[in-house]
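Full structure from sequences and hints, please.
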Amino acid sequence: MPVALFVTCLVDTLSPEVGRATVTLLERLGVEVEFPRAQTCCGQLHLNAGYPEMASALARRFLDTFAGYEAIVAPSGSCVAHVRAHVPELAADPDDVADRTLDLSEFLVDRLDAHDVGSAYAGTLTYHPTCHSLRILRLGDRPELLLRSVTGVDLRPLADATECCGFGGTFALRNADVSTAMLSDKLRRVEETGADAVCACDASCLLHLRGGLERRGSPTRAVHLAEVLAT
Amino acid sequence: MSAAARDAPRLPFEQSARAALEDATMRANVLRATTTIRARRAAAVADTPDWPELRAAGEALRQRALLRLDELLVRLEAAVTAAGGVVHWARDAAEANALVVGLVSATGERSVVKVKSLTTDEIGLNDALAAAGIEPIETDLAERIVQLAGERPSHLLVPSLHRGRPEIAELLREALDEPGLADDAVSLLAAARRHLRDAFLRARVAVSGANFAVAETGTVGVVESEGNGRMCTTLPETLVTVMGIEKVVEEWDDLGVLLQLLPRSATGERMNPYTSLWTGVSPGDGPRAFHLVLVDAGRTRVLADPDGRPALRCIRCSACVNVCPVYRQTGGHAYDTVYAGPIGAILQPQLSGERGTAASLPYASSLCGACADVCPVGIDIPRILVHERAKVVKAARPGLEGRALRMLGRAFSTSERYERAQRTARALQRPAVRDDRLRWFPGPLAGWGRSRTLPGVAPQTFREWWEARDRGA
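Residue numbers (the working numbering), protein chains in the order written: chain A, 1 to 231; chain B, 1 to 473.
Bear in mind the hints are in silico, worked out from the structure with no lab data behind them. Some clues are possibly wrong.
[Unchecked claim] Pair by pair, the computed Cβ-Cβ distance ranges are:
(1) A/Asp64 - B/Arg434: 35 to 45 Å
(2) B/Pro306 - A/Ala67: 28 to 38 Å
(3) A/Pro157 - B/Asp177: 50 to 60 Å
(4) A/Glu34 - B/Gly164: 54 to 64 Å
(5) A/Asp160 - B/Gly150: 27 to 37 Å
(6) B/Ala28 - A/Glu34: 50 to 60 Å
(7) A/Asp160 - B/Glu174: 55 to 65 Å
(8) B/Asp435 - A/Arg111: 37 to 47 Å
(9) B/Asp435 - A/Pro157: 30 to 40 Å
(10) B/Arg288 - A/Glu89: 33 to 43 Å
(11) A/Asp160 - B/Ala46: 15 to 25 Å
Beta carbons are placed, not taken as given, at the ideal position from N, Cα and C, and that holds for glycine.
The structure is reproduced here in structure tokens:
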């Protein structure tokens with residue numbers, strides 16, 4: 001039974017390496033991956049910015065695109081959270097898409113029962129749980145279970161881990177100053193761990209963290225869980 | 001400084017927040033205080049095994065009361081009246097203020113003692129009293145501090161939370177004319193006691209808010225830590241209580257749930273030090289006259305919107321405020337409302353209409369969801385924030401953001417358009433991209449670019465990689 005990759009518009013366009021790593025990892029585990037090309041965006045951006053009608057059109061499109069797949073896997077917690085919490089309501093369709101759409105770590109741990117995916121990564125990491133993965137998906141310790149089984153990885157605890165990094169979609173633009181203050185606090189905590197890289201399950205938060213790290217000239221990198229597990 | 005703070009121009013959140021971020025002392029005070037309170041709350045909740053059940057019960061009883069508000073308020077009026085109280089109804093702030101001024105004036109008194117009341121802050125009662133030549137004396141210490149400083153409260157529970165002890169000492173030395181007053185907490189509290197005790201003993205009229213009112217019995221309640229509220233509700237001859245109409249609950253037993261939820265969520269205590277409950281008047285005990293002023297001031301407007309209505313369940317515990325990463329950066333004065341923080345960001349625009357500075361409040365959030373996790377009455381604050389944003393969008397002319405999102409919406413409507421948009425953006429960005437990062441940030445992206453890099457459209461998008469791989473296979 002093939003699995004549909006919901007790569008998300010952000011990964012597709014801005015962080016394709018995260019999509020490639022997700023495919024590499026899943027195929028290594030023997031999963032047949034399909035990429036329904038009709039997919040575009042789930043509509044999270046539009047709903048959160050106050051445009052529910054546009055989000056409804058995208059929600060209906062999402063259901064059409066992914067109809068028939070038993071598992072729809074995405075490397076982005078907030079997009080999965082949007083599908084799970086809002087897409088059926090926005091599309092006015094009682095589709096079971098909420099049960100079928102999974103974050104990568106959920107798919108690995110809950111569906112494949114794979115805690116050790118046979119990865120080796122030489123380096124120190126700290127894990128940032130990201131708000132929607134933490135509070136809407138309730139990923140719990142799934143990502144850290146996966147990370148701890150990676151050969152060679154040194155996982156460092158992150159202080160104030162559950163604090164938001166300040167991204168929040170258009171929040172980072174409209175309230176750029178507050179967003180930047182939140183990001184500075186997060187990056188200070190990341191740098192305090194001494195880790196080579198901060199790891200997360202959400203490509204959009206990672207875009208934000210990486211943007212801040214690069215701008216301050218930090219040697220610390222921002223990597224997606226898929227990129228660590230695909231190595 | 002004090003008058004300036006109070007008469008500061010009314011700015012949208014993003015602008016006042018920018019100014020607040022410059023105030024390092026205030027931000028340190030806010031961070032320290034909220035960190036302490038939320039840790040206490042977390043410990044108290046962890047110590048309550050039936051917390052999920054209590055929360056569900058609190059949510060249910062508050063929602064039930066809202067759905068039957070018309071009936072419960074009439075029952076409350078009947079019960080209060082039967083117990084010797086007088087009930088007054090106010091459509092808006094102006095009516096409420098005129099009622100209270102009239103009631104106080106009728107006693108002939110020229111000053112009143114006050115229990116901290118957010119509702120009277122909301123309607124601007126102190127200004128109305130002062131305009132009528134009546135001096136309002138706040139008796140909650142933190143509220144008294146902001147009153148002496150001429151400031152607005154910055155926090156639901158601790159109005160002076162933005163101020164540190166040294167600043168408060170400086171303020172009291174001047175305001176109480178005690179130049180020798182030391183900075184330590186015991187000296188400051190003793191000075192406040194001397195100052196307030198005198199006001200209590202002279203007061204013949206008090207104005208209070210109410211945390212709850214019970215329709216079944218006509219009982220009104222105030223929950224507090226200092227005992228100053230108890231002084232106000234028992235010593236004076238006349239007590240005027242100003243209460244938003246949403247504060248009513250159906251039965252006495254409902255207090256059994258709320259009085260467990262509130263102190264744990266507010267101060268991290270299993271029980272608050274003072275819970276004052278009174279039913280009308282009792283001969284020979286407490287005030288001889290009791291007036292209950294029920295204020296709408298936009299609440300029926302909130303009630304009429306099923307998606308925004310849960311905001312009225314709020315019991316003003318401030319748990320959402322203390323965990324909010326935005327509030328913790330800016331403090332409360334950045335929000336142009338007495339209800340600073342996440343709850344105010346959904347309540348104020350609904351109360352006053354989604355216009356002016358209130359229209360900026362639903363955007364004062366990264367939608368991180370920390371507020372929803374701690375709300376003792378299950379208000380899904382992020383959901384209502386997004387709902388309020390949609391109302392703001394509908395009420396305003398489409399700006400740059402609206403046009404950009406409409407363009408994106410069209411691009412996302414078919415994969416052909418989407419792929420064409422990716423290619424077009426990649427062609428257009430060419431002069432602006434170096435080493436796969438944007439060198440300048442057009443229009444709405446400018447704010448991002450001040451502190452963050454951004455990659456351009458990837459040289460090879462994921463779907464281009466997938467197509468190429470398919471062809472190669």
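Do the beta carbons of proline 306 of chain B and alanine 67 of chain A sit within 28 to 38 Å of each other?
Cβ of proline 306 of chain B to Cβ of alanine 67 of chain A: about 31 Å, so the range 28 to 38 Å holds.
Measuring from beta carbon to beta carbon, are aspartate 160 of chain A and alanine 46 of chain B in 15 to 25 Å?
Holds, at about 18 Å.
Is the distance from the Cβ of aspartate 160 of chain A to the Cβ of glutamate 174 of chain B consistent with 55 to 65 Å?
37 Å, violated
Is the distance from the Cβ of alanine 28 of chain B to the Cβ of glutamate 34 of chain A consistent with 50 to 60 Å?
Since alanine 28 of chain B and glutamate 34 of chain A have Cβ atoms about 53 Å apart, the given range 50 to 60 Å holds.
Does the Cβ pair aspartate 160 of chain A, glycine 150 of chain B satisfy 27 to 37 Å?
With Cβ atoms ~35 Å apart, the hint holds.
Do glutamate 34 of chain A and glycine 164 of chain B keep their Cβ atoms within the hinted range of 54 to 64 Å?
59 Å, holds
Could one say that the CB atoms of aspartate 435 of chain B and arginine 111 of chain A fall in the range 37 to 47 Å?
39 Å, holds
Whether the CB-CB distance between proline 157 of chain A and aspartate 177 of chain B falls inside 50 to 60 Å
Roughly 52 Å apart at Cβ, these two residues keep to the hinted range, so it holds.
Can you tell me whether the CB distance of aspartate 435 of chain B to proline 157 of chain A sits inside 30 to 40 Å?
Between aspartate 435 of chain B and proline 157 of chain A, where Cβ atoms are some 33 Å apart, the hint holds.
Look at the Cβ atoms of aspartate 64 of chain A and arginine 434 of chain B and judge whether their distance stays inside 35 to 45 Å.
39 Å, holds
Given the hint of 33 to 43 Å, is the C-beta distance from arginine 288 of chain B to glutamate 89 of chain A inside that range or not?
55 Å, violated
Of the hints listed earlier, those the structure fails to meet are numbers 7 and 10, in rising order.
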